[in-house]
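Novice: Respectively, the protein sequence lines represent chains L and H. Numbering that gives the first Met the number 0 applies: residue 0 is where the first sequence begins, and numbers increase by one. Numbering that gives the first Met the number 0 applies: residue 0 is where the second sequence begins, and numbers increase by one.
Hints are computed from structural coordinates only; laboratory data are not their basis. Don't be surprised by glycine CBs; every beta carbon is placed ideally from N, CA and C. It is possible that part of the hints are untrue.
Quick partial rundown of chain H residues pointing at chain L, CB under 8 Å, derived from the structure [what the hints assert, rightly or not]:
| no. | residue |
| --- | --- |
| 1 | 76 |
| 2 | 77 |
| 3 | 94 |
| 4 | 95 |
| 5 | 113 |
| 6 | 117 |
| 7 | 228 |
| 8 | 260 |
| 9 | 295 |
| 10 | 298 |
| 11 | 302 |
| 12 | 325 |
| 13 | 369 |
| 14 | 372 |
If you want the building blocks of each chain, they are given just below.
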Amino acid sequence: MAGWTFLVAGPAVASELQEHARTPSALEQMVRQDCGSCHGLTFKGGLGSPLLPENLENYSVEDLSSIILDGLPGTAMPPWRAIISESEAAWMARYLKTGGSK
Amino acid sequence: MPRFFPAKTRRSPFRPLATLIAIGAAIALNACASSPVALRGTADLATVIARASGEVAVLDTSNKQFTGIIGGLGDLSHASIVYARDGRFAFVFGRDGGLTKIDILSHKIVVRTLQAGNSIGGAISQDGKLVAVANYEPGGVRVFDAETLELVADIPTTIDGGPDRSKVIGLVDAPGNRFVFSLWDTGEIWIADFSAGNTPSVTRYQNIGIQPYDALITPDGRYYIAGLFGEDGMALLDLWHPQSGPQRILDHYGKGEERLPVYKMPHLEGWAIAGKRAFVPAVGRHEVLVIDTETWQEVGRIPVHGQPVFVMAHPDGRHVWVNFSVPDYDTVQIIDTQTLAIDGELKPGTGVLHMEFSPRGDQVWLSVRDDNKVVGYDPYTLKPIAELPLPSPSGIFMSDRAGRIGL
Numbered sequence: 000m001a002g003w004t005f006l007v008a009g010p011a012v013a014s015e016l017q018e019h020a021r022t023p024s025a026l027e028q029m030v031r032q033d034c035g036s037c038h039g040l041t042f043k044g045g046l047g048s049p050l051l052p053e054n055l056e057n058y059s060v061e062d063l064s065s066i067i068l069d070g071l072p073g074t075a076m077p078p079w080r081a082i083i084s085e086s087e088a089a090w091m092a093r094y095l096k097t098g099g100s101k
Numbered sequence: 000m001p002r003f004f005p006a007k008t009r010r011s012p013f014r015p016l017a018t019l020i021a022i023g024a025a026i027a028l029n030a031c032a033s034s035p036v037a038l039r040g041t042a043d044l045a046t047v048i049a050r051a052s053g054e055v056a057v058l059d060t061s062n063k064q065f066t067g068i069i070g071g072l073g074d075l076s077h078a079s080i081v082y083a084r085d086g087r088f089a090f091v092f093g094r095d096g097g098l099t100k101i102d103i104l105s106h107k108i109v110v111r112t113l114q115a116g117n118s119i120g121g122a123i124s125q126d127g128k129l130v131a132v133a134n135y136e137p138g139g140v141r142v143f144d145a146e147t148l149e150l151v152a153d154i155p156t157t158i159d160g161g162p163d164r165s166k167v168i169g170l171v172d173a174p175g176n177r178f179v180f181s182l183w184d185t186g187e188i189w190i191a192d193f194s195a196g197n198t199p200s201v202t203r204y205q206n207i208g209i210q211p212y213d214a215l216i217t218p219d220g221r222y223y224i225a226g227l228f229g230e231d232g233m234a235l236l237d238l239w240h241p242q243s244g245p246q247r248i249l250d251h252y253g254k255g256e257e258r259l260p261v262y263k264m265p266h267l268e269g270w271a272i273a274g275k276r277a278f279v280p281a282v283g284r285h286e287v288l289v290i291d292t293e294t295w296q297e298v299g300r301i302p303v304h305g306q307p308v309f310v311m312a313h314p315d316g317r318h319v320w321v322n323f324s325v326p327d328y329d330t331v332q333i334i335d336t337q338t339l340a341i342d343g344e345l346k347p348g349t350g351v352l353h354m355e356f357s358p359r360g361d362q363v364w365l366s367v368r369d370d371n372k373v374v375g376y377d378p379y380t381l382k383p384i385a386e387l388p389l390p391s392p393s394g395i396f397m398s399d400r401a402g403r404i405g406l
């Protein structure tokens, strides 16, 4: 929970968050199950790229957040901005980069 | 049998395995010692994938309870199942390349192999002797002996003869012991013909469209249709006249319209055909498309609650049922195939991933992932008939698929 609070980056994001903030367990469920539909429940990849920590070494949390929020044109990765907030995307990016240690 | 299994008194979703084995052994006096099971048919049984725990539960749709569960099946995100022609054995295709043959009566693994690094589904040949798996990594199709799961043929989907390979999607069986599949990366349809033996004759069709994401085959096995993700439209191949090559249908059905972000790929397997109309999910739109199956022209669009994932016809053809991608996956809508109007709606819970009708259509079973339950409904009254706990359920597969082309 401490990590969650820490990740709230700024006032604008925080206010957005309060509207539809997901709990860490809901975020974990979303990463594993919904992202996992394409990237695999164990993040070893599928139609989407593998998302294990070693695959993400060259991407910062900011890089990954922006991919989550804005998608990758020309691929099947959609922009999630309509249903995921910036701080939620950052939480997911950190979760993936640390291999699920949150 | 009923006096051994008083269903009403059972609270556990699973019959205790020990009891089942003991009774099976007692009844089947001359059964072989390795697999003592109670004598019963399988036509009312279904398999249900528990995706997060790597298990498959066996659902008895008559007694509305699970008869057992089979674990140790690996990563079952995006898993699917086909049946051997006897309807007793089933093949589970896991995300992690696992291919497992299970016995749905004894609830045991018969044989299992880790045949690739990353897979998306499979099919069983018309004669039941070959099981094919569509692989992402390494890209291609591998074909196995249905008895032993020994490798029979390897069909790498190489790109321009180089080291790269395309991911394979939309693998189905077709009459004449053929397998048909599509290549995501290169926009191709391939036919692998095993009618002459275990060395297939492979036919390639290139430039079918950008990023085919899934495919279907009509119930008679004549038409193979690949949906396109990278552009609007579908590619149709007439397997009665494969030399004519694929043709484009529903070309640019969304032309000039802004497509929504696609949070989950729609599925075409288990598509809906009712009368001479086919119902397919639109990609990136809150619509179900209606196609005339004689002319392959679009004849209607039905606005629905969200982005459709599965569009499934009730066996009597009067209605099609539709579920949706995140974030609208708490809802199922029911479309009248005559009026094309929404005729009913259900809110079974969060994360409705799949729907499967009983073969004659007296029941429909839904998997509700985030509520960790499988729910049964009477599709005529929309009244629930059962609610069974199962962790993260996804695909539900009735055993009557054993006798159907393309499933």
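Novice: Could you check the structure against the hints above and give me the numbers of any it violates, in ascending order?
Specialist: 5, 9, 10, 11, 14
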